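Visitor: Letter by letter, the chains look like this.
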Amino acid sequence: AQKVTQTQTSISVMEKTTVTMDCVYETQDSSYFLFWYKQTASGEIVFLIRQDSYKKENATVGHYSLNFQKPKSSIGLIITATQIEDSAVYFCAMTRTGGYKVVFGSGTRLLVSP
Amino acid sequence: EAAVTQSPRNKVAVTGGKVTLSCNQTNNHNNMYWYRQDTGHGLRLIHYSYGAGSTEKGDIPDGYKASRPSQENFSLILELATPSQTSVYFCASEDRAEQFFGPGTRLTVL
Chain A
12 AQKVTQTQTS ISVMEKTTVT MDCVYETQDS SYFLFWYKQT ASGEIVFLIR
62 QDSYKKENAT VGHYSLNFQK PKSSIGLIIT ATQIEDSAVY FCAMTRTGGY
112 KVVFGSGTRL LVSP
Chain B
664 EAAVTQSPRN KVAVTGGKVT LSCNQTNNHN NMYWYRQDTG HGLRLIHYSY
714 GAGSTEKGDI PDGYKASRPS QENFSLILEL ATPSQTSVYF CASEDRAEQF
764 FGPGTRLTVL
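So the protein lines, in turn, are chains A and B. Note that the first sequence covers residues 12 to 125 in the working numbering. Note that the second sequence covers residues 664 to 773 in the working numbering.
Each hint should be verified, as a subset may be incorrect.
Stated by the list, open to error - Derived Cβ-Cβ restraints for the label pairs, each shown as a range:
| id | chain 1 | residue 1 | chain 2 | residue 2 | range |
| --- | --- | --- | --- | --- | --- |
| 1 | A | Thr31 | B | Ile723 | 23 to 33 Å |
| 2 | A | Gln80 | B | Glu761 | 17 to 27 Å |
| 3 | A | Lys66 | B | Thr678 | 20 to 30 Å |
| 4 | A | Pro82 | B | Arg707 | 24 to 34 Å |
| 5 | A | Asp40 | B | Pro732 | 44 to 54 Å |
| 6 | B | Val751 | A | Met25 | 28 to 38 Å |
| 7 | A | Gln94 | B | Lys681 | 37 to 47 Å |
| 8 | A | Ala12 | B | Val751 | 21 to 31 Å |
| 9 | A | Gln94 | B | Pro766 | 20 to 30 Å |
| 10 | A | Ser21 | B | Thr745 | 23 to 33 Å |
Hints in this document: simulated from the structure, not taken from any laboratory. Because the structure is a prediction, the values reported are computed rather than measured. Ideal Cβ positions, reconstructed from N, Cα and C, are used throughout, including at glycine.
Only chain A is shown next, with the shape it has when bound in the complex:
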């Protein structure tokens, strides 16, 4: 069975700094997808970024990037030049390639202060 663990319950940073959120996963599958989702204060959940397990290059989208360390089963989310509106809860998730079930971590709350 797959498992996703986010040990950081909450993080506080100052605006315009860089923050890293940790996520480790467990899986028996050789091919899988890793994701990060953002849940805003209004409750809306949106997809941010994705890493395919067979790709060595770290995914980057805007000011979001991933630190994929496959030997450590780790997929960290890096947010550079943080903005107030980045304040939210961030969920790490995974699914096996061709699978239907997505397993989510418990989330990390990020607070960005001016």
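Once you've looked at the hints, dock chain B against the given chain A.
Guide: Positioned in the frame of chain A, the structure of chain B alone reads:
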């Protein structure tokens, strides 16, 4: 225009009552999902569907039924609601492993 919508957005039910949560998607995605979100647990999968007419049990299906009468609609049914089912429920559709979430339904069972 929102592609995944849920109704109602808020619901108060009585213990033992029947509750139906509805989800509609205009993405034309085959796969749809129902999750519940509770503090400290993230999102937990209740039921999912591969397409019209199919429903599959997720990780926490007990006390819930699902119905997928069409590509667009996926319902979650609580036949006998209990206070432990008080939660926020999210529906999602999926395309190439990426999930598109609805706005959520806050259910309170008294």
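Visitor: If a hint holds in the structure, say so; if it doesn't, say that too.
Guide: For each hint, the structure was consulted:
1. Thr31/A <-> Ile723/B: 23 to 33 Å: holds (31 Å)
2. Gln80/A <-> Glu761/B: 17 to 27 Å: Since Gln80/A and Glu761/B have Cβ atoms about 23 Å apart, the given range 17 to 27 Å holds.
3. Lys66/A <-> Thr678/B: 20 to 30 Å: Violated - the Cβ-Cβ distance for Lys66/A and Thr678/B, about 49 Å, lies outside 20 to 30 Å.
4. Pro82/A <-> Arg707/B: 24 to 34 Å: holds (29 Å)
5. Asp40/A <-> Pro732/B: 44 to 54 Å: Between Asp40/A and Pro732/B, where Cβ atoms are some 32 Å apart, the hint is violated.
6. Val751/B <-> Met25/A: 28 to 38 Å: holds (30 Å)
7. Gln94/A <-> Lys681/B: 37 to 47 Å: Between Gln94/A and Lys681/B, where Cβ atoms are some 45 Å apart, the hint holds.
8. Ala12/A <-> Val751/B: 21 to 31 Å: Hint holds: Cβ distance 24 Å, inside 21 to 31 Å.
9. Gln94/A <-> Pro766/B: 20 to 30 Å: Between Gln94/A and Pro766/B, where Cβ atoms are some 23 Å apart, the hint holds.
10. Ser21/A <-> Thr745/B: 23 to 33 Å: holds (31 Å)
The structure shown violates the earlier hints numbered 3 and 5.
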